[in-house]
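Novice: Residue strings, one per chain:
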Amino acid sequence: MSSFNEAVVLQVGINVLLALGYWIAVSTGKYSFGHTAFMAIGAYTASILTLNFSWSLPLAMGAAGVTAAVAGALIGWMALRLSLLYLAIITFVFSQLVNLLISQWDYVDGASGMVGMTGTTVPLVLGCVLLVVGYLVLLSRSRLGLAHKAIREDERAAMASGLRITRIAVGAFATSAAVTGVAGALSAHQLMVITPELFGPHQALVIILYCVLGGVEYFWGAAIGAIVLSLLPIYFDWLNEWYEIVYGLLFVALMIVRPQGLIGRGGDGGIRLPRLVPRRERESVG
Amino acid sequence: MIRTGTAGRVAVGLTAASLALAACGGEGSGSGDGSATLKIGLVTSSAGPFASNAKTMEAGAEYAVKLLNEAGGVKGAKLELVKVDSQNKPATTATLIPQLAAKQKVLAIVGPVDSAGCEVACSTANKLKVPIVSPGAARPGVLKNSRPYGFTIAQPDADNSTPVLTKIIQSRKLKRAAIISDEANATTKAQADLFRSVFASAGVQVVKSVTFKSGDSSFASQVTSVAGAKPDVLALAAGPDDAGRIAREARSQRQTFALLGTGSLQSGGAAYVAAGGEATEGTLAAAQYDPHSETPAAKALLEKAQAATGQTDISLNFAYAFDAVHMIAKAVEEKGVKGGGDDVAKGRVAIQESLNAVQNYQGMADATTFKDGIAQRPQLQAVVKDGKFVIDKSAG
Amino acid sequence: MLAQQLFNGLLLGATFCLVALGFNLVVGAMDRLNFALGETAMLSAVLGALIMTETRVPFLVSFAAATLIGGGVAVAVYYVSFRFVSADFPTASILSSLGCGLVLTAAVTKAFGSHQRSVPDVLSGVRLDLGAFTVSGAQLVILLLATLLTAGLYVFLERTPWGTAIRAVSDDATMSGLLGVPVQRVILLTFALSGVLAGAAGLLTGLAYHSISPFDGFTTTLTALMIIVLGGLGSVTGGVLAALLIGLIQTLTVAYLSATLRDLIVFILVGIVLLVRPQGLFGRNAGVLERV
Numbered sequence: 001m002s003s004f005n006e007a008v009v010l011q012v013g014i015n016v017l018l019a020l021g022y023w024i025a026v027s028t029g030k031y032s033f034g035h036t037a038f039m040a041i042g043a044y045t046a047s048i049l050t051l052n053f054s055w056s057l058p059l060a061m062g063a064a065g066v067t068a069a070v071a072g073a074l075i076g077w078m079a080l081r082l083s084l085l086y087l088a089i090i091t092f093v094f095s096q097l098v099n100l101l102i103s104q105w106d107y108v109d110g111a112s113g114m115v116g117m118t119g120t121t122v123p124l125v126l127g128c129v130l131l132v133v134g135y136l137v138l139l140s141r142s143r144l145g146l147a148h149k150a151i152r153e154d155e156r157a158a159m160a161s162g163l164r165i166t167r168i169a170v171g172a173f174a175t176s177a178a179v180t181g182v183a184g185a186l187s188a189h190q191l192m193v194i195t196p197e198l199f200g201p202h203q204a205l206v207i208i209l210y211c212v213l214g215g216v217e218y219f220w221g222a223a224i225g226a227i228v229l230s231l232l233p234i235y236f237d238w239l240n241e242w243y244e245i246v247y248g249l250l251f252v253a254l255m256i257v258r259p260q261g262l263i264g265r266g267g268d269g270g271i272r273l274p275r276l277v278p279r280r281e282r283e284s285v286g
Numbered sequence: 287m288i289r290t291g292t293a294g295r296v297a298v299g300l301t302a303a304s305l306a307l308a309a310c311g312g313e314g315s316g317s318g319d320g321s322a323t324l325k326i327g328l329v330t331s332s333a334g335p336f337a338s339n340a341k342t343m344e345a346g347a348e349y350a351v352k353l354l355n356e357a358g359g360v361k362g363a364k365l366e367l368v369k370v371d372s373q374n375k376p377a378t379t380a381t382l383i384p385q386l387a388a389k390q391k392v393l394a395i396v397g398p399v400d401s402a403g404c405e406v407a408c409s410t411a412n413k414l415k416v417p418i419v420s421p422g423a424a425r426p427g428v429l430k431n432s433r434p435y436g437f438t439i440a441q442p443d444a445d446n447s448t449p450v451l452t453k454i455i456q457s458r459k460l461k462r463a464a465i466i467s468d469e470a471n472a473t474t475k476a477q478a479d480l481f482r483s484v485f486a487s488a489g490v491q492v493v494k495s496v497t498f499k500s501g502d503s504s505f506a507s508q509v510t511s512v513a514g515a516k517p518d519v520l521a522l523a524a525g526p527d528d529a530g531r532i533a534r535e536a537r538s539q540r541q542t543f544a545l546l547g548t549g550s551l552q553s554g555g556a557a558y559v560a561a562g563g564e565a566t567e568g569t570l571a572a573a574q575y576d577p578h579s580e581t582p583a584a585k586a587l588l589e590k591a592q593a594a595t596g597q598t599d600i601s602l603n604f605a606y607a608f609d610a611v612h613m614i615a616k617a618v619e620e621k622g623v624k625g626g627g628d629d630v631a632k633g634r635v636a637i638q639e640s641l642n643a644v645q646n647y648q649g650m651a652d653a654t655t656f657k658d659g660i661a662q663r664p665q666l667q668a669v670v671k672d673g674k675f676v677i678d679k680s681a682g
Numbered sequence: 683m684l685a686q687q688l689f690n691g692l693l694l695g696a697t698f699c700l701v702a703l704g705f706n707l708v709v710g711a712m713d714r715l716n717f718a719l720g721e722t723a724m725l726s727a728v729l730g731a732l733i734m735t736e737t738r739v740p741f742l743v744s745f746a747a748a749t750l751i752g753g754g755v756a757v758a759v760y761y762v763s764f765r766f767v768s769a770d771f772p773t774a775s776i777l778s779s780l781g782c783g784l785v786l787t788a789a790v791t792k793a794f795g796s797h798q799r800s801v802p803d804v805l806s807g808v809r810l811d812l813g814a815f816t817v818s819g820a821q822l823v824i825l826l827l828a829t830l831l832t833a834g835l836y837v838f839l840e841r842t843p844w845g846t847a848i849r850a851v852s853d854d855a856t857m858s859g860l861l862g863v864p865v866q867r868v869i870l871l872t873f874a875l876s877g878v879l880a881g882a883a884g885l886l887t888g889l890a891y892h893s894i895s896p897f898d899g900f901t902t903t904l905t906a907l908m909i910i911v912l913g914g915l916g917s918v919t920g921g922v923l924a925a926l927l928i929g930l931i932q933t934l935t936v937a938y939l940s941a942t943l944r945d946l947i948v949f950i951l952v953g954i955v956l957l958v959r960p961q962g963l964f965g966r967n968a969g970v971l972e973r974v
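Residue numbers (the numbering used here), protein chains in the order written: chain A, 1 to 286; chain B, 287 to 682; chain C, 683 to 974.
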């Protein structure tokens, strides 16, 4: 495999991982605008471990996943009872906080960032993707998967049916953070350079775009969204200044034709997403 | 509702198929056409705050290739510029460099123009053993992970500006200084550190330090704070656009202290003066490039470029990109590197060795010497006069 | 000096206020967020500044032009991102308006380059010395126009039939429709109004900052979002107070702490308010949520 094909597969694979990780949170109807925080936590944890403590990358990735999961559980426990817009803002604030802390932390060279990580290989990335896909296939066949869907459709009904929805939602959020953290670690060791600005709001937006463009109903919709959006800038860079314009128009056009995303059913039978702001004050989930 | 069976299988199938597709998509033309063209990659960016600089760089590189090809190419072989657009996205950059290296089989790469882009691009190119020359990355430590194949023609401010700034302070008898900087930005933070060390060694008292966030803020608050400390001089550790706004705010608050900048103010071309207007008049800065150089080699090239582009001032990124292409062409000529075929890897090593040995190269941007990949540039003093930066030749 | 800083903060808040009001109008009428509003403000400001430098017309003329451009762009965004996008998927219109924002930013970069555009000063000869602080001509213009527009909007919403219709649609679109309010036209009107406010905010911010960057749009949207969440979604008074508060906090943070913390302090404040008082600082206890 030439270095170009390898780079393409790595990038697509990492982005698919990001999209799948995000989808786990979305499967319970929780949209986060701060998943870059988990990406940053994963990237920095793994980079510190491989660079300063000479851990092997797979081991460091595990540590990155665990650290991100802990952070995810914490923020999820605090914020998951909020409605769509408010949850988005809280998670965004969290990601800004993480970003600021990293950029002020001299141990990781602050705003200049860390350099010199290597080791992301195609088997490693594909292995991770397969692992997560396997988990998601099992999840969508299991009672837990049904519980996710129940929470997404109607939290109160789910609670009334005896689901321990806080535990399930926080668990899903932590799992989602863990996958995102691992993807962050892989991306750091592919780019060889990490700076806090790599994990800004624009990256957060890109992760959401993967999911929403592909469609949030099935996890493979998210994966397809990630594949499409990762290949666009590589194969359409000849559009030059027109690229961003075409890219923006693509979203505008797509949302008119398929508001549910590339994959998924619209209208009746499609999933009902939570309202931006609840019409009535809802019972808190926590 | 959940179509587990099919969903799962389709998902695995689709993911695998798409990944395979992605892998195959790259295969194709480019290699082994056996032609003698010498391919040079160019990494531009049509999005983000450096889009204009990237455009200038592109023009400089294109002009250089045009001149070389009109003169018969390098040892009879024509040069070809292979352009890719990074869209200011690091992940895309990390894929486009392998594209240039493996698919296009370029001998060397010019760009990106900004430090953040160069960090990713140069690291990747270095890993693939492709020489890469950035015509503008000047953040300290930008090539930390990119040697021996990474080069930058812009010298970091700390090394270039110190003597000039010290001279300015002494000749103007400045005693009280204020510093404005963006602490969350590696480049401006390094500039602020530079100012602090220069002021400390020259015995200037720093009476106030204020901070801003690049790109999006009102400077009213900062300038009010600075004005309260009554400095003789305000040191601008800021990108050219932000520095211009600071100058506007200072003058609109009727402050008369002098304005002092590092090399990056002048290297941004017209941006500082365009953003700051009349308020920038009299600003003093260190500089590493003279668009009206009197050196014979540079003068001839600059005048020719002025005639060709119709611009009275050739901006820094244009000249640096021009020189980068010529340095690569010179290396190709010296080492007898051939384009195409399977010798690309050997050619790249030869070009890298040749570039690392560059001493006192005389180009459009005067003399350049590479020391550990970083260009050692002339140390000049610039002042804003009648709406543009001019090099103060008397200060030499 | 403190007085001067407080005034600086007030001024910053006044410019924030306009775009937040525009944002709020749309949230009120449609319960949807227009993420292209910041870019609308940026585009109007860039074109307004261009008119000012190229034709040398008086500031007020280019200001009027900027508001009209803003209104026009917002109406266009309404048609492509809201009117024909299914309301069943709230993410669809968010995504679509983000797409519009991308297109606007890219178009400005393509047409005018990525550098910041300078905005000429107005009334540069005027300078009021009020003892504790001084006011420049430009600041006076900003304060005056921002106050006028805010007051005008308030009067419009409270005293005119169309204003009443907007409030009715905010309260309950279905019921208003049944009672004969032309809901679609009212929504179109709120978009036009929000664009006018954004256009005004864009040029006034440009005047305060001395220049406009093509990449300001997203930050503007974000600040406006923080303001309306802090003030209570859909609440006009809450929005105005929150805008002034955030302007003051940002200015004082920069003056006495560090600009690096500027946005973060605002974000954390908003975060705490959300966790403790989800209806916003100035929102009525249940009323606002009910209305939105």
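Everything labelled a hint here was simulated from the structure, so no lab data went into it. One should not assume that every hint holds.
Derived lysine to aspartate or glutamate pairs resembling EDC-like cross-links, with alpha carbons at most 20 Å apart [as the list claims (entries may be wrong)]:
1) B:K415 with A:D237
2) B:K494 with B:D479
3) B:K499 with A:D237
4) B:K389 with B:E639
5) B:K369 with A:D109
6) B:K430 with A:D109
7) B:K352 with B:D518
8) B:K459 with B:D518
9) B:K361 with B:E619
10) B:K364 with B:E567
11) A:K149 with C:D770
12) B:K325 with A:D237
13) C:K792 with A:D109
14) C:K792 with A:E241
Model, not experiment: these values are computed from the prediction.
Novice: Given the hinted pair K792 (chain C) and E241 (chain A), is their alpha-carbon gap at most 20 Å?
Specialist: Given pair K792 (chain C), E241 (chain A) holds - Cα atoms ~6 Å apart, limit 20 Å.
Novice: CA of K459 (chain B) to CA of D518 (chain B), is that 20 Å or under?
Specialist: Status holds; Cα separation ~9 Å.
Novice: Can the restraint linking K499 (chain B) and D237 (chain A) be considered satisfied, given a maximum Cα separation of 20 Å?
Specialist: 31 Å, violated
Novice: Just to be careful, I want the Cα atoms of K792 (chain C) and D109 (chain A) compared with a cutoff of 20 Å; is the pair within it?
Specialist: 35 Å, violated
Novice: Can you confirm whether the C-alpha distance between K494 (chain B) and D479 (chain B) stays at or below 20 Å?
Specialist: Since the Cα atoms of K494 (chain B) and D479 (chain B) sit roughly 14 Å apart, the hinted pair holds (cutoff 20 Å).
Novice: K364 (chain B) and E567 (chain B): Cα distance at most 20 Å?
Specialist: 45 Å, violated
Novice: Would you check the hint for K361 (chain B) and E619 (chain B), treating anything up to 20 Å between C-alpha atoms as holding?
Specialist: The given pair, whose Cα atoms are some 7 Å apart, holds under the 20 Å limit.
Novice: Is the Cα-Cα distance between K369 (chain B) and D109 (chain A) 20 Å or less?
Specialist: 33 Å, violated
Novice: Next pair to validate is K430 (chain B) with D109 (chain A); report whether the Cα-Cα distance is within 20 Å.
Specialist: 13 Å, holds
Novice: Do the alpha carbons of K415 (chain B) and D237 (chain A) lie within 20 Å of each other, as the hint requires?
Specialist: With Cα atoms ~23 Å apart, K415 (chain B) and D237 (chain A) exceed 20 Å; violated.
Novice: Straight-line Cα separation of K352 (chain B) and D518 (chain B) no greater than 20 Å?
Specialist: 49 Å, violated
Novice: Given the hint that K149 (chain A) pairs with D770 (chain C), test it: the Cα-Cα distance must not exceed 20 Å.
Specialist: 17 Å, holds
Hint violations for this structure: numbers 1, 3, 4, 5, 7, 10 and 13, all remaining hints satisfied.
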